[in-house]
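There are 2 protein chains.
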Amino acid sequence: MNKRLKIIPIGGLGEIGKNMTVLEYGRNMIIVDCGIKFPENDMYGIDLVLPDFDYIVKNKDKLRGIVLTHGHMDHIGGLPYLLKEVMAPVYGTDLTLGMVRRQLDEAGLGKKATLQKIDDKETIHIGPFQVSPFAVAHSIPASVGLVIDTPVGAVVHTGDYKLDETPAGGRTTDLKRLRELTPKGVLALLADSTNADRPGRTPTEQLVTSALDILFAEARGGRIIIATFSSVLARFQEIVHLAAKHHRKLALTGRSLIQNVELARELGHLKIPEGMLVDIKAKVPEGDLVILSTGSQGEPKSALNRMAKGEHRDVHVHAGDTIIMSGGAIEGNEEHVGRMLNHLFGRGANVIYGAMATVHVSGHGSREDMRIMMDAVRPRFLIPVHGETRHLHLHSRLAGISGLASKSVFILENGATWVSDGQTAWLEEPVGIKDVWVDGSLVGEIGDRVVQDRERLSQNGFVLCYVPIDKQRKLAGEVRLFSQGFLQMDTSGTLMEEAKRNLKRALKKNGCHPRENVRKTLQDFFYNETQSRPVILPHIVTVLAAPALATPRQSS
Amino acid sequence: MNKRLKIIPIGGLGEIGKNMTVLEYGRNMIIVDCGIKFPENDMYGIDLVLPDFDYIVKNKDKLRGIVLTHGHMDHIGGLPYLLKEVMAPVYGTDLTLGMVRRQLDEAGLGKKATLQKIDDKETIHIGPFQVSPFAVAHSIPASVGLVIDTPVGAVVHTGDYKLDETPAGGRTTDLKRLRELTPKGVLALLADSTNADRPGRTPTEQLVTSALDILFAEARGGRIIIATFSSVLARFQEIVHLAAKHHRKLALTGRSLIQNVELARELGHLKIPEGMLVDIKAKVPEGDLVILSTGSQGEPKSALNRMAKGEHRDVHVHAGDTIIMSGGAIEGNEEHVGRMLNHLFGRGANVIYGAMATVHVSGHGSREDMRIMMDAVRPRFLIPVHGETRHLHLHSRLAGISGLASKSVFILENGATWVSDGQTAWLEEPVGIKDVWVDGSLVGEIGDRVVQDRERLSQNGFVLCYVPIDKQRKLAGEVRLFSQGFLQMDTSGTLMEEAKRNLKRALKKNGCHPRENVRKTLQDFFYNETQSRPVILPHIVTVLAAPALATPRQSS
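Residue numbers (UniProt numbering), protein chains in the order written: chain L, 1 to 556; chain V, 1 to 556.
Check each hint, because a few of them may be wrong.
Any copy, or any two copies together, can satisfy a pair, since identical chains are not distinguished.
What the hints assert, rightly or not - The calculated BS3-like cross-link candidates involving lysine-lysine, where the alpha carbons are at most 30 Å apart (straight line), are:
| # | residue 1 | residue 2 |
| --- | --- | --- |
| 1 | K520 | K117 |
| 2 | K407 | K309 |
| 3 | K500 | K111 |
| 4 | K434 | K60 |
| 5 | K434 | K309 |
| 6 | K520 | K301 |
| 7 | K500 | K58 |
| 8 | K184 | K62 |
| 9 | K62 | K281 |
| 10 | K474 | K58 |
| 11 | K58 | K84 |
| 12 | K176 | K504 |
| 13 | K6 | K500 |
Hints were generated in silico from the structure; no laboratory data involved.
Start from the sequences and build out the full structure, keeping to the hints where you can.
This is the structure in structure tokens:
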């Protein structure tokens, strides 16, 4: 009974983000990654989504450690929340731990947590698990995949990877070491599925360098502003090389970017020649300057969006500027990015984006890369991870083409309990998993119901109806209506007066009692008049006598 | 003074949709197109956006006619609204008028409007304007561009077009006739800019036919479900041919699709062999059936999305089905489409989308097509139309490469008044233009303020605070709080009690009077406790005595 390995994906399956996987053997548990997910557009007011830590908390006695593959938020962003509930040593490469430390410090957990540095040369022993990281090429330096040796066989977790023979920073995905680490074969491969709908191979980062080189040459005399993710640190080194080649200084704008550059320099992952880095306020001729900026997703408060709206303190975009969008729009951000681009063009800048030049490539392998990974690992079982449902299915079909029998491929959902004795594998009772939403300082207190209410309010606002009644449930004063998000108050006067008359008639006819009477009367009236359905809030108050006509000021 | 042509874009510049252009000469005005725009994701509760008809209404004495280029909603959808305010003859090709008539009938205007059929062979005379349509290839049959001869020179309006030598339905863009119609050259070219950020040429529709042919062959034994825009009628004929070739019946689902197919058949733009079209409920072996469906944008109530959610009455998606997404996601719809795809994969279907096969090509020309159009027309002035700001700018730069001086290119905004005497051109005082939002049956009554309120409500909901006071402005009963979209009511009890105590203390200290006191106290309290800012609605009511504790039921 104990000779069984369990793998439980807590997050990251059927979705992009909040990646987190549990491995259990007997009374020992390790966690791989603990990320967050950014909310979808219709998760009104939600700041971020966490994995569900319930299962971990319930089994915290078993928890031996948390191993991180790389420093992106969808892999480490949940840690401060997790470590508030359970403590365990955190393992990661130097840069990953640097990113983690900053987060933990901000959350006031910096002193309590134990962070243990790992690298791609050594194996660490965590209970019955021997964890051997191997280098992978990804858009942040010091990324690793993991070979996790267990008593029933080896598990390979790819982390996020691409296969790139000429990556930025020179860190290739080390398939040779991966094979050396798995002499007895691989029981299960947990493999990144992000780009399972992209045919062929993900182009090399070298293409971006070449495209940027041409744009640098063409921008003669003008500023170059490059917008990117603040965490695509691997590309920064190439930009530094290009700046040197084209005799330009480099300035940074955007808080997270400045922090990340500082961290990467400290740890030796980014080398900037003496004198190249200047303050964003420095007086440098425009033709001699590159600005690296946050904002490739059009985030409202990012540096580039502030430039677009003319609100950036130090950078005023104008004709002659070349702005390079070196980061693809993430699903759901397209409208924001599009609007920002419009503003930048409106200011006269030459903006390079989309299909106009290869100024961005993905950090994840495409279908052909996935096939190569499967062929290199030749696992007994494949568990596609990191991807929406469609990506998991497409990855699984690709496995079929590669010769894996369909019963060897497990398309799991978050909370699924995958079990193996080293020979066969099966599913046991899943762990209940829900999304945990963060809104301000509230963690998990906001649920579907609240967000549905927010959605309803966002569509047609509300009408509050104040009905004073006496003890005989007779109208005992003036009905008052107040609306927000429904109609312009200054044009809605007549409609509101008509609604009140309507309501008074209904109240006389049917009695004041039932809230439903008020709600229904107003709902029908407004729907007939406007084809809209504001939320109706009947506020029936028993008073001793007619209240004086007074506030609220905005009442109609 | 009278020898001047004015061109006023009312909509369609700096945006995709609600295309509408006014041409004026002396006391004569014609309108080209009258479309709607679909709302962006943050236009909360707005159903659609109309062009601003103010200028037209003010100058309705001048209006001689409305000429339509094709039957897509972004070119004709505003007509029912416009014709309610001003009447004028409407000119369009047979299919365009068919689409218009259906809309006008639904709006109860069918009998009042005068619809005049035009084709690409004849010139019509409208006041001083001689309008000669020419055939263009686009994703709906019977599309035209317009050569509009005016006393000061010819204006060419391309409408929406692509250059496709092997288009669906065989209708190519007739550059030869365009040149014949403009023997004295062209004063101004108003040219489609939609794809100005796509390099090269838009691929021919023939590629889609070839890709579909392969997929039809591979789907042996299973159903084929093709999702597309209901108005991409040009592609339907090719699908019919393929169905015939592969011996499949054709069923339709989606109201707009069924209507459009019926209309196109009536007018001879779509030929379906006898016996091929079957009802969606018909018992046909799955391997012998193609279903054409709406829903390529993931619209919540579309046929395909209902299939994805398992809510379609007649079509239950399962393994063996091949679903082909033959329509690109429009900006802002990506999340909806993505979610729908996940559901379809989850049901076991094989879904073809995105880069996996060329199952969709754009109906608009790309940069190289635009360059060819400019070279064919060689206008004195270029006015890029139909595109967001970035597209207009990119189109304008392309003109520079083609040899047009930058002073010959006008990047206009909606409402700009472009004036020419036939030799030179300049801008005069712009016409004030605003977006007119439609929400239910309300047209133009909802403004920024209301939508901002909706946005605020969508983020953190509201807290309503009922404060009964007496004539001395002293608290005269229990303070009551009611919230919606803020916190789960069942978990917020303690917080609400604490908020009430806090508020009572503040009221005692500072007096009950100022609404601002109530608002500020609660706002600060909730922000400190939750880092959220719900809308605070103080409802201060003067009562004669303490009200009995009663409703509202949901009060906390």
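Structure-based check of all given hints:
For the identical chains of this complex, K520 and K117 are neighbours neither inside a copy (64 Å) nor across copies (48 Å), given an alpha-carbon limit of 30 Å. For the homomeric pair K407 and K309, the shortest alpha-carbon distance between copies (26 Å) is at most 30 Å, but the shortest distance inside one copy (54 Å) is not. For the homomeric pair K500 and K111, neither the shortest alpha-carbon distance inside one copy (62 Å) nor that between copies (37 Å) is at most 30 Å. Within a single copy, K434 and K60 get their C-alpha atoms as close as 19 Å, which meets the 30 Å cut-off; across copies the closest is 59 Å, which misses it.
In the homo-oligomer, the alpha carbons of K434 and K309 lie at most 30 Å apart only across protomers (20 Å), although the nearest pairing inside one protomer, at 38 Å, exceeds that limit. When the C-alpha separation of K520 and K301 is checked against a cutoff of 30 Å, the pair qualifies only between copies, where the shortest distance is 26 Å, while the shortest distance within a copy is 42 Å. With identical chains, the CA atoms of K500 and K58 are never at most 30 Å apart, being 55 Å at best within one copy and 36 Å at best between copies. Taking identical chains as interchangeable, the C-alpha atoms of K184 and K62 lie at most 30 Å apart only when both belong to the same chain, with a minimum of 27 Å there against 86 Å between chains.
Taking the shortest alpha-carbon separations for K62 and K281, neither the intra-copy value of 52 Å nor the inter-copy value of 56 Å comes in at or below 30 Å. Taking the shortest Cα distances, K474 and K58 never come within 30 Å of each other, neither inside one copy (55 Å) nor across copies (51 Å). In this assembly of identical chains, K58 and K84 lie within 30 Å of each other by CA distance solely inside one copy; the values are 14 Å within and 66 Å between copies. For the homomeric pair K176 and K504, neither the shortest alpha-carbon distance inside one copy (81 Å) nor that between copies (70 Å) is at most 30 Å.
For the identical chains of this complex, K6 and K500 are neighbours neither inside a copy (64 Å) nor across copies (49 Å), given an alpha-carbon limit of 30 Å.
Hints 1, 3, 7, 9, 10, 12 and 13 from the earlier list are contradicted by this structure; the remaining hints agree with it.
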